[in-house]
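Number of protein chains: 2
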Amino acid sequence: MQVNEVVAYIQARKDRFVADLREWLAIPSISGDPAYAGDVRRSAEWLAGHLSEQGFPTVEIWETQGHPAVYAEWPAEDPDAPAVVVYGHHDVQPVEPLEEWDTDPFKPVEKGDRLIGRGASDDKGQVFFHTLGLRAGLAASGRAAPPVTIKLLVEGEEESGSVHFADLLHAHRDRLACDAVVISDTTMWSADVPSMCTGMRGLTEAEVTLRGPSRDLHSGSFGGAVPNPLQAMAVLMSALHDADGRVTLPGFYDDVVPLTDEERDLFARLPFNEDEWLQSAGDSRAAHGEKGYTTLERIWARPTAEINGMWGGHTGPGGKTIVPHEAHAKVSFRLVAGQDPRKVQQAFEAWVEEHTPNGVEAEVRMQPGGVRPCFSPIDSPSVKAARRAMERAFGTEVLFTREGGSGPEADLADVLEAPLVFVAVGLNGDRIHATNEKVEIPLLLKGAEAAAYLWEELAVALR
Amino acid sequence: MQVNEVVAYIQARKDRFVADLREWLAIPSISGDPAYAGDVRRSAEWLAGHLSEQGFPTVEIWETQGHPAVYAEWPAEDPDAPAVVVYGHHDVQPVEPLEEWDTDPFKPVEKGDRLIGRGASDDKGQVFFHTLGLRAGLAASGRAAPPVTIKLLVEGEEESGSVHFADLLHAHRDRLACDAVVISDTTMWSADVPSMCTGMRGLTEAEVTLRGPSRDLHSGSFGGAVPNPLQAMAVLMSALHDADGRVTLPGFYDDVVPLTDEERDLFARLPFNEDEWLQSAGDSRAAHGEKGYTTLERIWARPTAEINGMWGGHTGPGGKTIVPHEAHAKVSFRLVAGQDPRKVQQAFEAWVEEHTPNGVEAEVRMQPGGVRPCFSPIDSPSVKAARRAMERAFGTEVLFTREGGSGPEADLADVLEAPLVFVAVGLNGDRIHATNEKVEIPLLLKGAEAAAYLWEELAVALR
Ligand SMILES: [Zn+2]
Ligand SMILES: [Zn+2]
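Chains as they are written, first to last, in the numbering used here: chain A, 1 to 463; chain B, 1 to 463.
Next up, chain A with everything else stripped away, as it sits in the complex (with noise of 0.2 Å):
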């Protein structure tokens, strides 16, 4: 394969490529508003139609209790050349508020090397690419079909929390079984400094009431003589950390993962402005966090515990001196490589149990379930070849990043048994969420020569 002809195919049909991206952006695919639920459809439906059109020899429309999927499948010509699944989604964030879009969220426009519409970057221009980057791949290779047997699944209700998706993955658990999966639906620190993530963290989220006398009491006949469940509160919520910012809960940080040295050196070499960084974090006077972590490590790769609500007592105006007869807090844990949602569990309503004062009933909700983190090595097999394959594309370093939060990803990783591998160009600064999104054509070009590279990388990394 020679670069010079992937670049050139992909330039070629630079012009047809946008028009097209245009077409499938026109389609206000907002999952979350049921007003919009034809449109996530015919969203569907017009992706099925392109990707058969580029050649996909099977393309289906998936049905979930909520908004269909589409699924292609173009097969390897070798039926032992290893599977992969490409993940994405065509349903979009709502708009709202309109009034503050400069243009028509679903008229995209371009602007010089920007295309400015909902969906551009998050996650429709991202899906995209990767059409372009197979079909400039294979004409660059001379061959009719991909080093890998590549499976689309470009899920419809990613913006409303991904509710039918386990449930889809399960339902197709056969025929999505794979060797890897690419996830396209994260960003690159810049522009300038492209990088793949490299994990996501989980979450386990709880509710803790505690409860003292039957009735609020009238603090000047009772107060200071029985327990006080928002005091009683206060000592629990507080005791969560120790004065070095870590979670006190025994054996929180026996199953974490560390960070390895070359992944702390590639955070590092990151150019993190951490002034604009608390500038993001809605104008945060500091940072703070555990001790000997930077702030990156500390939003990718550490666990944390976080007090979300809290509340008990007299809370409207004005004073009410009473000792109350209960208080609540919501707690959350962000958990990394290694961490288990159920030990987490179990290890909290364990400390909760044993840190509750005399006097004081406690009680602990979790929510089900929780979300289990997902974390591909940096010297992983797949993540190497996507990082080669990136590299040749942006004809430069590749650096690591990992997020924060969690979407289906861990889904994928959990029902498929498969390494997760992020491959994406969007960025942090293309407004995903917001108004006035936008996605840097140039970057939607590179995706595509690196999705190019990727297939025949991967071939041999996973063989």
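Careful, some of the hints might be misleading.
Below, a list of computed lysine to aspartate or glutamate pairs in the EDC-like style, where the Cα atoms sit at most 16 Å apart [said to hold, decoys possible]:
no.: 1; chain 1: A; residue 1: K384; chain 2: A; residue 2: D242
no.: 2; chain 1: A; residue 1: K320; chain 2: B; residue 2: E207
no.: 3; chain 1: B; residue 1: K14; chain 2: B; residue 2: D113
no.: 4; chain 1: B; residue 1: K384; chain 2: B; residue 2: E456
no.: 5; chain 1: B; residue 1: K107; chain 2: B; residue 2: D20
no.: 6; chain 1: B; residue 1: K320; chain 2: A; residue 2: E207
Read the hints as simulated data drawn from the structure, not as lab findings.
Note that the structure is predicted; figures quoted are calculated from it, not measured.
Put chain B with the ligands on the given structure of chain A with help from the hints.
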């Protein structure tokens, strides 16, 4: 003065006393409900008429911005004799839920020794025994005027917060000039264990707001790397007490008048049943408070800090994985003898400022003013005199209690600059503020007897 003559006088007029009280109790002087404003005035007028009838040379209705008070004066013969203000109130609590009353709250009923009706104990009955006692004392001594000048002040807004009471005191400060204030609006330990209250806790209230980012942040993207205001609030509030249950504000205990060994001994002699007390405290599961003090000492004679309310972040159903942008808490301090609400306010503001972590902004809003604690040492001349009067009436040792909360008493002490003496015969079991309020008629008559002895005891003590 002969004891027998006092008792004989009171017994002879017992029926008339109860009949008159029943007439007064039939007036629904609910100060908290504007619909009863006319009745509160009628109650004041009825009392004024009664006091004139009973021989008070001066009787006046004192207007306020709210409900009227009644003022009656009976000067001593000797113009140099001490003057004593007697405080009570003629308004009553609402009666809801009406269906839980066994009889009409405003159609007083005698059942055996009990008189049942709203205000029977709190506070009409306790105001009422003073006139009978005063007349019994005069009759027994054969004098036309009491040995001290008596200034009876019966307000009409106690059950709705005594909102205009301080103004009333300031307006009539000269006429209310006195050497002591007798308060008849508290309770005794029990019918078998007569006691006197010697102090009430003061109060100061604050609301604390901690601010972090300018908006709620996604805990996946930012959690673990910026300060969480709810976490900071938990740490702050948990630091308000040490492991021994003591309040950690610097200097908080510096001005506290310590309990004397004698007072602790007398408290300890009260037949206190902690299990029953816990049951009355909303079935609290355990006593809890400052180390080294009993439950009674904790609620009566030790200052406290209570979290009355706390809230922030997501408090609705389900989960929301955010780092909340702010957190709130309402805190109140009960204060005891020697403590100054303003000093505690300043200490709290400084403490919050000092203990707020980097990256979080704190705001403290104190409720202006606060309530000063009031306290009369058990060895003070007026308390000793009143105790003698009570012991003569009850024929047994009189013990001491205090109260954990406060009404307008501190205003009386502050504006009139005179010591308070609590003389009352209500019981904790009188169901004041509740349904089926009652008073024990024999205790009201004991109150009248104590009042008969009180003025000569005080005349000697205050001279
Ligand atoms: Zn997306
Ligand atoms: Zn009262």
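- Message: Tell me the hint numbers this structure goes against, listed in increasing order.
- Response: 1
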